[in-house]
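Q: These two chains come separately, so use the hints to put the complex back together.
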Amino acid sequence: MPVRKIVIEKPALTPFNVVAGIIVVVGLVITVIRFTQGLGATTNLSDYNPWGIWIGFDLLVGVALAAGGYVTSAACYIFGLKRFHSAVRPAILTGFLGYALVVLALHYDVGRPWRLPYPFIVQSGTTSLLFEVAACVALYLTVLFIEFTPAALEWLGLKRARSIVVKLTLVLTIFGVVLSTLHQSSLGALFLIAPSKLHPLWYSPYLALYFFVSSIVAGLSMVIFEGSLAHKHFHDKMDAEHLREADGVALSFAKAASWVLAGYFIMKVIGIAQTNAWGHLGSGYGLWFLVEMVGFVMLPCYFYAIGAREKNLTIIRRTAVWTVLGIVVNRFNVGLIAFNYHLPSSERYFPHWMEIGISVFVVTIGILAYKFIVTHMPILYAHPDYDAH
Amino acid sequence: MSISRRRFLGWLGAAGVGTTLGRSAHAAGNTHFAGHPDALGVLFDATRCIGCRKCEEACNRVNELPAPPKPFSDLAVLERPRRTDAKTYTVVNRYENVPGAKGPLYRKIQCNHCLEPACASACFVSAFAKNPNGAVTYDESVCVGCRYCMIACPFEIPTYEYDKAFTPRVMKCTFCQPRLVKGQLPGCVEICPAEALTFGQRRNLLKIARERIGLFPDRYIDHIYGETEMGGTAWLTISGVPFRDLGMREDLGTTPAPELTKGALSVVPVVAAMWPVLLTGVYAINQRRDKIAREEKAAAVAAAVAQAQAEAKAKLTEAMAKAEKDKKAAIDKEVKKALEEAAKAQPSAAAPAAAPEKKPS
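Chain order of the listed sequences is A and B. Numbers in this note's numbering are just positions in the first sequence, counted from 1, shifted up by 29. Numbers in this note's numbering are just positions in the second sequence, counted from 1, shifted up by 1234.
Think of the hints as simulated: they come from the structure by calculation, not from any bench. You may find that some hints are simply not true.
Claimed, not checked - Within a straight-line C-alpha distance of at most 30 angstroms, the following computed DSS-like cross-link-like pairs (lysine-lysine) qualify:
#1 B:1531 <-> A:111
#2 A:188 <-> B:1525
#3 B:1531 <-> A:196
#4 B:1562 <-> B:1547
#5 B:1288 <-> B:1321
#6 A:400 <-> A:188
#7 B:1559 <-> B:1549
#8 B:1525 <-> A:196
#9 A:284 <-> B:1525
#10 B:1525 <-> A:111
Just chain B, with the same shape it has in the complex (with noise of 0.2 angstroms):
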């Protein structure tokens, strides 16, 4: 067996990309949540959607929505691009003029159900929830409005009922979660006349999705979008051209919305147990300096008191040996002076002064 160069580098190259998935997945645990076993999906075929509208109008009836201003049998609407909105759970909108397409071309959009929806990730009252069906659905009951569901998603799925002063509520498509579980298909899926869409469980629409490709390699681009974009999602498509010309992002990565925010969420207990350990320890250094410098000065302090005190006391000692001195000089010199005095008186006051020595006894 030979080993083409080409081929090799491909090993290579697959290699490395594998040891770098291989470590972002890993990252948070040794867990890798592939989406539930057994969840329902929905395999969307650009190629085969026709731009008829049924599933506007049976999503409208079924999941008893307003009626629209103009009839779903209007296909003009489809001159403009159209987006889901709180009247409105999918639209299919017409592309024209696309480069490799015969004619026009149509996408459905609806919420294509995340296997880690970033709508669920993002809520803070966690009114989302992604059913073990594959359906991700949203309470109303504790919905605050605060719209970080609209911000966070990365299809722009989610709307909001902003004319609604008192009960507003984030709309967006449920997957027909009630008529999922009592064993009926969604209303879209159950209407479509062309049969672009494919209901079933996601593993499976994965190998139809991959049979058509293998069996059509001309008419299809060889990607099935929404195997892992953002960590992939339930519902599928495939297209004859480039998804971008389908009006569909084409660099949101393989990243599950959960995983962006995982890292400054595990800042969290760091911050909440370090900075009050750091901070003690801050203050304590800076009481310690403090204290420190309060007694180096309180002991300088005394320490100059004292040699003051000393220098004092050797001037007051010396003072006093000096007056001493001088006392004792001035004692001498009246001494001295006593005596010459009386010295002087001698010729005439030492004779009876001497007298009584000379008594005799």
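Bound-form chain A, shown alone (with noise of 0.2 angstroms):
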């Protein structure tokens, strides 16, 4: 194969760049004060409050949102829509990227992060639901990364490697899609142990299910999301199948969020029922339940329907960050907003401005990864030396 030219560019001072550049710099800062001073030097956590963002942004908005991977790859390869290929490597990585990013954020966020891998090596809590969390998010991270390869394989030009990992996509595949079953719905099922202490609008027993529903609908938005947003930026790095495909993509996920949005509202109706929440429906959290659950499920569940029907690609993305939205609103809700209500507001918890810093500090790492990738490695269009997988 031909010798790719390696051209060395400074970076240029684009707004993009400079924006990023300050971010890293600030989140760099910010890790060496993390890691020397403590939590307490860092975060506005509490005795009351022992999960904050870090939890409830970074880990659970961040495995819900990187659900595009196995959503997309099962479409795929196991439903057999082949119509979905191209679209099935860039939400590969943004999978990967996203789980990536999980663990390394959860790094700020435990006491002693040396010492993750104990659960596994040292004594495991089986009976913990935060295990199978753990124990799920890492063999996930392993199965994205190796479904990932051959990608950098390609790139690399290293044939063997790549046709023997390919021959693994179905296996890979089902692995992944049960992974993600578990830990999706296990991160919902976390807070099932603290039912005196979750708003009874939001506690339910089906918790797990409303988490494992939602991370399809999360998957299927964000590869909607990515994919206008590489659109708009990558557009050269697309080959004839990305571009004569995208738009198909973008109009059955659409179609497939509305029908999963629409059950998932169907299942939160009975969730309250079974629970018998109603009378807590005319109270302040009442009222803010019902912006989530209309405002976030019932009107992105009507235009995703809208935007199908009459195949407008504009109101299908905009819908997409509308439930992109949602689903950061619903974790916010569960993980924090509506955890803890019973407590006085004064010992209620609010990020402080390092938490949020790494935070966004987390996300860009991911998109200046995720840039690097896509401009380098055939993620955005196949590779003219190697057959379709």
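A: What follows is the structure, encoded as structure tokens:
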């Protein structure tokens, strides 16, 4: 294969690079403070509020929004929707980056990050849902890494290794769906143990199911959202197949997301009926719950349906952003806003600016890594030397 | 014996509640864990506590915790509600103007040492242990610092050393386990000057509590807090006012924490076993559907080709036949023409042509 010419350019001072550079520098400074001064110096965590946005956003939202990988690869390889093939690689890449960043962010959050492998190598607490989350996230990160390697191996020109990995596609996809089902749902189930702390409108025996089903919506919406961003910024990297299929992917995913959101809405209503939490709807929390349910579930469901029927990509792309915001709202509600609802406002949590700084830093690293990879590896186009798998 | 309507309804209600309780307690199997036999506990009698903070002082001393900014003799700290923190395993709070109480009331807060602790159930490295003597202890040597125990604890007891960068620990009351194993009393129990704390086997403490409530029904609420809350706790509380007036939650229910997550955990093997089978099946069905579609397409193409070929052949045969016919017609025509021409030449050439026939033999 031809030797690729590597041109090393001085990074241009574009607004993007300047902002990203500042965020990275600030992030590194906070990192130093976090690991030399401890959690107390960098967070607003307290004995009442042991989990802040490093769990509520980086873990709960991060994992949900990285669901595009398993949703797309399952649709393409298991359900045989071959016309989504060109969407698989970008989705796997963003899934892999998402999970890698979740694990990175966890290093900031836990007290002794160098002990993160302890549940697997020192002592296991198998009665803990967090053990299930940890085990599945660790395994799934590995699966996503292997699923991602064909692109890297094509870039490096390692044909033999690539052909071995490609043969594993189906097994890896099924394993990925199993692991995703388990940990997406157990992130919700984490809160089952605290019925006295989570507001009754959000606490439900179905929490695990809610998190799993909404992760499908999150995955579908993120694929649409990332697709529209990639079209804007990396259009020149896309090959004919990708460009031909992209609109079809967005339309089909919008239709699927609309159906799943409708099912999710019904499940939530059944959940309220099951715990008989109707009486809480009249309270302030009830109003906020209705905002979430109507504003971030029902309306996106409706607009996805309209977008799919009218074949209107603008509506679909906007609804995708809206739905992603809805996932953020839901995870924040369960993890932070409706959690500890019984405490007086003086004991409630609001993130320290350094916590927000690290979350922004982590997202920025993800965007930079994505940018590097799609400009160097065959993600948005098929490598001419290899057959599709 | 006559049964009053009230009593009958009471039995009916008890039977109904009994069946539902029985079902949920045995849902996991046919065993019901009611605590380790002979496990120890402490009974806190809120009617006796005088808020002297001696227990806080003793706790601080025996556990070698850092000295607080204000001395323990300073009762002004009681003006604000406090909670356990990384330097304090137990606190006493004061509750003013409680309806039905003559003066201020006090409550001691510390780990309740649940029979089935939420912290132990939630810990993903099993750093917490429920000891047979009743104490819930913590092993910092494996703790990762995820703080899920603090999320899980319904009594909001575990705390974290947020200010330590390298060796942060979860901090909570140990029931003075190191003293218990030496045969000593917990620090707070030993020092209490008002006998508000009674130490002993939990089952005996329940009897003592019932006796006190029975002897002085006007002085106590008829409930032992911790007998059934969250499946039961080693530390028990009795009070003269509703427990919520002492800042204690009355909505915790009687379900032990592990029961709350049991359902979600039991789904794991189902998903791990069923998903691969189902998904492989879906894959296989799709592969087969594709294969059949391919075969049908191939068959349709073959049929179409065959038909086209047959039609072409028929056409060809027809054309050939026609050509043959034309050719024959042309030949006939030529023959006929030749004959006609020959016939025209007859008058001159017929005689000599016929002459040889008439040759004499």
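Q: Now look at each hint and say whether the structure bears it out.
A: Hint check results:
Note on residue 1531 of chain B and residue 111 of chain A: the hinted pairing holds, with a Cα-Cα distance of about 18 angstroms set against a maximum of 30 angstroms. Restraint check for residue 188 of chain A and residue 1525 of chain B: satisfied, since their Cα atoms lie roughly 29 angstroms apart, inside the 30 angstroms limit. Proximity of residue 1531 of chain B to residue 196 of chain A is assessed by CA-CA distance (about 27 angstroms); at most 30 angstroms being required, the pair is judged to hold. Taken as a hint, the residue 1562 of chain B and residue 1547 of chain B pair is honoured in the structure, with Cα atoms around 22 angstroms apart against an allowance of 30 angstroms.
Only pairs whose Cα atoms come within 30 angstroms are accepted, and residue 1288 of chain B paired with residue 1321 of chain B is accepted, the gap being roughly 16 angstroms. Taken as a hint, the residue 400 of chain A and residue 188 of chain A pair is honoured in the structure, with Cα atoms around 24 angstroms apart against an allowance of 30 angstroms. A C-alpha spacing of about 15 angstroms is found between residue 1559 of chain B and residue 1549 of chain B, which places the hinted pair at or below 30 angstroms, so the restraint holds. Note on residue 1525 of chain B and residue 196 of chain A: the hinted pairing holds, with a Cα-Cα distance of about 20 angstroms set against a maximum of 30 angstroms.
Restraint check for residue 284 of chain A and residue 1525 of chain B: the C-alpha separation of about 27 angstroms stays at or below 30 angstroms, so the hint holds. A hinted pair counts as satisfied when its Cα atoms are at most 30 angstroms apart, and residue 1525 of chain B with residue 111 of chain A qualifies at roughly 14 angstroms.
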